[in-house]
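Here is what each chain is made of, one letter per residue.
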Amino acid sequence: MAATCEPNQNPWLSHSVRIAGITREIPGVLTLDLEFEDSARAATWAFRPGQFTMLYVPGVGESAISISGDAADTGRIRQTIRDAGNVTHSLTGLPIGATIGLRGPFGSSWPVDECRGRDVILVAGGIGLAPLRPVIYHMLHHRQQYQELTLIVGARDPALLLYPGEFEHWRTQGLNIIPTVDHADESWRGGVGVVTTVLERLWLRSPAETMLMTCGPEVMMWYTMQTALGRGIPAGSLFLSMERNMNCAIALCGHCQFGPYFLCREGPVFRFEQLRSILRIDDL
Amino acid sequence: MTESAAVPGIVAPAMNSGDSSDFIGNRRPESFLLRDDLQLLMRRLQEDGYTIVGPKVDQDAIVYGELTGVSDLPQGWTDQQQPGKYRLVPRDDQRMFGYVPGPHSWKQFLFPPSAIVATAQRVGSSWQMSTQDEPAPRYAFLGVRSCELSAIAIQDKVFLGGAFVDPHYEQRRDAVLLIAVNCTQAAPVCFCTSMKTGPRCQSGFDLALTEIDTGFLVEIGSERGRLLVEALPLRPAVSEEIRAGERGRADAERQVTKQMNTEGLHDLLLEQLKSPHWETVAERCLSCTNCTMVCPTCFCSSVTEVSDLSGDRVQRERQWDSCFNVDFSRVNGIPSRDSISSRYRQWLTHKLATWQDQFGTSGCVGCGRCITWCPPGIDLTEEVRTLRQLAESPQLTAAIGETASSSLPPNTAPQNTTEGRG
Amino acid sequence: MTLDAPNLLKMLASTRFAEGLTHQDLQSLGRAARLLEVPAGHVLFREGQREDAVFVVFSGHVRLSMKVPGRGDITILTAGPGDLVGWSGLISDGIMTATATTTDFCRLLALSSTQLKQSCDADPQLGYVLMKRLAQVISRRLVATRIQLLDVFAERRNHS
Ligand SMILES: Cc1cc2nc3c(=O)[nH]c(=O)nc-3n(C[C@H](O)[C@H](O)[C@H](O)COP(=O)(O)OP(=O)(O)OC[C@H]3O[C@@H](n4cnc5c(N)ncnc54)[C@H](O)[C@@H]3O)c2cc1C
Ligand code: SF4
Ligand code: SF4
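Protein chains in written order, with the working numbering: chain U, 1 to 284; chain F, 1 to 422; chain Y, 1 to 160.
One or more hints might be untrue.
Unchecked claim - Here are the in silico distance ranges between beta carbons for each label pair:
1. Y:Thr-97 with U:Ser-187: 19 to 25 Å
2. U:Gly-174 with Y:Ile-138: 33 to 39 Å
3. F:Asn-325 with Y:Ala-135: 45 to 51 Å
4. Y:Ile-138 with U:Ala-235: 23 to 29 Å
In short, the hints are calculated from the structure, not lab data. Computed from a prediction, not measured in an experiment: that's the story for all the values here. C-beta: ideal position from N, C-alpha, C; glycine also.
Start from the sequences and build out the full structure, keeping to the hints where you can.
Right under this line is the structure:
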């Protein structure tokens, strides 16, 4: 299920994309709208929710960045970037009109098809909502194919919740959104507490018929999995997206290995069962 | 070494022994190439446009490099190897391939230590990105050992067997001609028989030679190999030569004394991920990366940016990297294998266990390089033996755990790894 | 706000807190329970004050907060359906460690600590079951607090 970067092409080739729009999200995080300079490449571009690309700033380097936009939106690629280090700092400092390189899309994807007919819970922490946003778009476009849809989204404080401007629209389209933060003052109307606390008391129609996807810090994902299992959701219905530094994204460089997996090839999205035995082994 | 490749005192055997139809098992009959005629083979390769790469003496070791002729070969040299030690020593005969592989492997030619994978050129306010598509060299490898043929087959799976094919490796690999040489001796670090990779070359070569005092028994392994020898003065080997070759190959087989029990090794190692033994190895390992550099199958690399002075032209340069480097693997910018024990564990379990999951083969061919070139002489076969013993005896594991925990707090929270970093 | 006993029991039985309790246990609990329906902004108890009731949230949310000098009223947790709040009354002197304010319309079951403790003393079997349940609640709260303490969303930045 791996390769969707065009076959028969040198996988090291970056395609030129132009920054067509910039949305400032929260401090240090923004979303770029990218457009291919080559219309032929634009015409064949497609991705599945959960996949990522390698964004390239010549002279600085490449970073793995998830696609956070709508797969149905064929004209542009949206990616949400947090200024964390060299490349991401450079990516978040470019003006509209600048050209960067893009390889991909790469990696595995969220099980949006497997989720049909079921209840779906998304648990996102911090910028972990970015790779899940394409799932939200997809499921809301095909709302009738799914049963209960819930998004539990956690952040450090209310000002650090990602994409709050879209919550209202998503709610009207049938997504139950439960934001929860670690700290807040009296003005905050949402919940305070960790995502697992919310998951703990979430009403479940039928745990056996529920699928859960999570993305966020590893500790958060681990406890989310434990809580979900405790609530009776089968291990085979739990999915998570992992992060390790990536260099080539084509399973040739060895950096993103985690146990038997290349995160860029078998991941970043895994079924919990694949990782269960190795996720909590120190320094693996 | 002198120019003369002729060996005094050695007389070519008579050609009329009449037993040229000797078959060894189901193998093709071997032909014979006189020692002096090896240069004809090399000349032929050069005429065909090949760059010949093979063994030569350099910096007190037998390494692989470009050869201009027979005189470059390490004739009359051999080596002594043991854990952590390598010594070049003269032979008392004039064999050209009378050595066991040294620090180099053929991977440095198929997967160069440094290569430009892509470039970017500033054009106005934008960037033009392309890949380096210059023609790859056409190599003829001379002197490939059986374990090395296996190593190449393993890297084929890595670079060519997945959804994404590495174009650099592919071009070089497609063009390469492989002239194997069967081992007629082995070092104490060799364990190819355990890994079922040698010492006899079975397949994957164009030609396979077996060196005897008078010359070479030649086995043809491909159509390319057949065409190559067509123009050479080969004659059918006589039984005496065939027997000499058999003796040499049997010597090698007998000299492989090191063994590694691979039975159930995959599961065994993965069940030992929490073993205290990794800490014990870490007390000796320097994390110097030598083992990964000399290993003929290790493939890790990193791409870095190399800009010209103006910053308008950028080359993306891929260089060998190693899982023993502390920031090789990171989670959210923090090294995920901060301890030497975790890095040694990653290396060993990858070689011998998870490689199976990834590529359907072991990542080790039993060449012993990582044993010889490890400064403190850590021997993976010994580590595997210990881990096996520990797996079979939980009491032993507990005992080690206690000694390890007295010096190193196991399982401590990650605070000590993050301090002073973020 | 009164509810006949069978309905109150049914409500209690449907909460996560009561999951797996026997009918008999439920009846003992039910005797100490009363239904509370309050609008948003209602203060159930205040930090530092004595409160006899333990609340099981049936619907709606309750904000638990603490006064921090110089920082005002800091929310530490939002409790929701199935959660137990005010349990310090069950295990100590009943002095509340936080302030509980409803954030929306809430239906709660208020259980008298005094009465519960009496029932437990009289029926050690019930006491054991109840304390075990309480221990689960506290341990879950502890894990959540730990995750919160790990500050997993903390951002590190390091530019060279
Ligand atoms: C599959 C995948 C998807 C990803 N998706 C996204 C995404 O959608 N948006 C996004 O912003 N990032 C994403 N990341 C993370 C992103 O790839 C890294 O943050 C980025 O590569 C860091 O590179 P850099 O050159 O900016 O930092 P470097 O210069 O390599 O790092 C310098 C320093 O920055 C800090 N740092 C680096 N990376 C991180 C990190 N991830 N978290 C915290 N601190 C860090 C460390 O202190 C580090 O020492 C993803 C990663 C993967 C593997
Ligand atoms: S792991 Fe050691 S013995 Fe095995 S192939 Fe690599 S260098 Fe040779
Ligand atoms: S095992 Fe030996 S060669 Fe490998 S990193 Fe450790 S010290 Fe270096």
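These are the hints, each one checked on the structure:
no.	hint	verdict
1	Y:Thr-97 with U:Ser-187: 19 to 25 Å	holds, 23 Å
2	U:Gly-174 with Y:Ile-138: 33 to 39 Å	holds, 36 Å
3	F:Asn-325 with Y:Ala-135: 45 to 51 Å	holds, 47 Å
4	Y:Ile-138 with U:Ala-235: 23 to 29 Å	holds, 27 Å
Checked against the numbered hints listed earlier, the structure breaks none of them; every hint is satisfied.
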